[in-house]
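*Asks:* If you read the protein sequences in the order shown, they are chains W and V.
If you count by UniProt numbering, then the first sequence holds residues 1 to 312, one letter each, in order.
If you count by UniProt numbering, then the second sequence holds residues 1 to 568, one letter each, in order.
Hint data in this document are derived by calculation from the structure and do not stem from the laboratory.
Some hints here could point you the wrong way.
From the derived model, a few chain W residues whose C-beta atoms are all more than 10 Å from chain V [as the list claims (entries may be wrong)]: (1) G84; (2) L90; (3) Q152.
Listed next, the in silico EDC-like pairs over lysine to aspartate or glutamate satisfying Cα-Cα at most 16 Å (straight line) [stated by the list, open to error]: (4) W:K28 with V:E524; (5) V:K260 with V:D50; (6) W:K40 with V:D50; (7) V:K169 with W:E44.
Every residue gets a Cβ at the ideal spot worked out from N, C-alpha and C, and that includes glycine.
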Amino acid sequence: MARYIGKRLIYMVLTLALIATFTFFLMKILPGSPIASAGKLSPEQRAVVEEAYGLNDPLPVQYFNYMFGLAQGDLGISINQFKGAPVTDLILSRMGPSAQIGFQGMVLGTIIGILLGMIAALRQNTWVDYSSTLIAIIGISIPSFVFASLLQYWFGLKLEWFPVALWKDGFMSSVLPSIALAMFPLATAARFIRTEMIEVLGSDYITLAKAKGASGSEIAFKHAFRNALIPLITVLGPMTVGILTGSLVVEQIFAIPGIGEQFVKSIMVNDFSIIMGTTIFFSVFLIVVILIVDILYGIIDPRIRLSGGKSS
Amino acid sequence: MRNSKVFWLLSLVLVLSAFLAACGGGEDTSTEPSDSEGDKEKESASGDLDSVQELNLMESAEIPTMDSALAEDAVAFNIMNNVNEGLYRLNQENIAEPAVAEGEPEISEDGLTYTFKLRDAKWSDGSPVTAQDFVFSWQRAVDPATGSPYGPYMMAGTIKNAAAIAEGKMDKAELGVEAKDEKTLVVTLERPVPYFISLMAFGTFLPQKEAFVTEKGDAYASNSENLLYNGPFTLTNWDGTGLTWSMEKNPEYWDAETVKLDKINVDVVKESGTGVNLYTSGEKDRAGLSGEYAMQYADDPEVVRELEPTVFYLKYNQERNGKETPLANVNIRKAISMAYNKQDLVDVVLANGSLPADFLVPTEFTFDESKKDFREVNGKMNEFNAEEAKKLWETGLKELGVTEVTLEMLGGDSELAKKMDEYMKSQLEGNLEGLTINLKAVPFAVRLELDEKQDYDIQNSGWGPDYQDPMTFLDLFVTGSAQNKMGYSNPEFDKLIEQAKGELAQDIPARWEAMAKAEKILIEEDAAISGIYQRGIMSLQKPYVHDIVVHPFGGDFSYKWAYISGKE
């Protein structure tokens, strides 16, 4: 196990270096300049400003400077969105709200989704099944920003149960955005669990368990659910990352100081160091989540061996 | 089988109703609050100040920097206009009036030397604002090592030696600005600049205290603690990258008596729908309306309409990739200029209070000595006239020896820009037979690049002023200007602009006339560009908010005179 993780860690560093290199050169292909008032400046004035930010060094020099800084954990400074602000500070300060609503949305969505899926599977082809499937379909087909707007309008503006927007009232501010984000994992989890459980429930070993006299709940939780979890974990990993990066619209609607929105804006305005910083941050996140998912497989299903055949 | 059909139908109905609820909800907001707020307005006619003087506002973006040397965007200039003060400040009539300067400067006869006396203004740490603070800040802004995008742009050609310093050919100490003593500032210009005084109200010319800036080093202006203020308010609770901050009344401000607001709370809200909801819930006192919201609230009693001095126009590229385009023909250009209905465009497509612009220099922006709008001199040029456009078009086609012309129209990628360009395409193709317009929608940065390479036929472009003079618009189109990437050159136009900048600089009426003549040549005779519209903005503002002043250039708003009355 330790050897497996060690090997994976080396691959992770290599992957990151590749991603950083690839993103760096892709980013440099972006048309336009990171100077907001570029349209107003003469070419000479622009050159002066670019010089000051080291933007007119030859590309390989810029690349090595960046990678050297990166190796030391320095993500550089923002060029135009927050002049001179260190990107590391920016990511750290923006990560909190994104992580909070992302985590809450994920947990809420997954738990309710699993419950819905299980109930649907156990009560297959009854109205319970149909209505939980319907909720899943709504959750998957309506984009999160529509939910966000509806929640904001009804629970913020009309009923006044929660703040309309802004990140000011602690936990209360995070409720509506978390619910909006929860819809997609909820729907996904419900569908996966239902399908998998129906399949598992029809398999031979469940029939055997039944024959051995296992109770209904024992079958549902101990046997069927555990096996249905494996495909769910496979999709939950990337979805966790997706929800953090994809929460940008929800963050924008609720005016939350998160990282998702910042990422998109930095691409629009060519803020090179923020593009790089957030890409690397998201990559690290994704790579770590994939590792965790792989480890979880082994815990949930011992048939999947992490160490492979050769290990001692 | 039947079961599953019923199920699908049911889910479809549910999904649809969720959407319909959303649409219906929107209408509710517009009618309900407007009635009750309308009543409030009547009650509050007394004009007494409320005991709580707190204003709640929104900005559309974070503050990129509070360093006046590095600022280049609307948000920064807006905040700086309220927490700092230069020699001059725009007043409620948008005329620059002495601020840190005490009274009008002494101007030498050749118009090249300005001697300002400073009043006893203080920084928020209690130390005096001195002439040296201006010298330091201006030298810093023009120094190439600072990397200021606006410093060289605003100073080159205006303040003596600025251009050479910006290019690194001269030491920054040579800049034409000098502190004779603590309270006397002498500025030497490169050439007489009739609008120099109004420039002094612009953010780039704000003072900075050298000892403070040096002491803070890289941390200077990185958050509200690492800044000094000498304006009506101080900035508080700003962490440098956050979406929220406040402005509090500055007790050290020399004119603190005039300032009535105690506190302004600002949050960044990027979605206009969210902004409207926060306004409706009473959390915010003012909300900008864009796109469909502008249309939806058009008749609301709480709507305030303001005209911005930003003008949008079509640029006709006469030479692309070394070859003449059909737009090199003046009749073709004129025909296109007259072939689209601008009134319908602003009424139906934009619907935000914009004006049709048959001109370049905006309305309600610059005035002569008798306060007459520059716009009154030239009036409208090349107005919409489909018949005339057809005739000119046919003449143009004959001259080119073709029957069909295909042109590419470059525009922005926002929803509004796309809608507008669709409208232009349908108008132009409908009125000019044989014309095909291909639309190309790209992000702003890409458009700048294509413009620089002169790689387009027609471009939907816009410009906002940097100082209060027609010149900020007119000199864009002289031969070789960075903005004139469209192969346009007219020696007569160039000469008029040259005269207005040089020999006529001291003869105000003649200068005005020269600029008007230049605009006429540019738009009417040459049809080098065609004005489309002057942008209007619509906002919702609570009736208890009074005297927020909107400015045409520099910082967008002043809260110095604002107050709350009738909220309680």
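*Asks:* Give a verdict on every hint.
*Replies:* Hints and how they fare:
1. G84: G84 of chain W not clear of chain V: closest Cβ-Cβ about 7 Å, inside 10 Å.
2. L90: violated (5 Å)
3. Q152: violated (6 Å)
4. W:K28 with V:E524: At roughly 42 Å apart (the allowed maximum being 16 Å), E524 of chain V and K28 of chain W break the hint.
5. V:K260 with V:D50: holds (10 Å)
6. W:K40 with V:D50: At roughly 44 Å apart (the allowed maximum being 16 Å), D50 of chain V and K40 of chain W break the hint.
7. V:K169 with W:E44: holds (13 Å)
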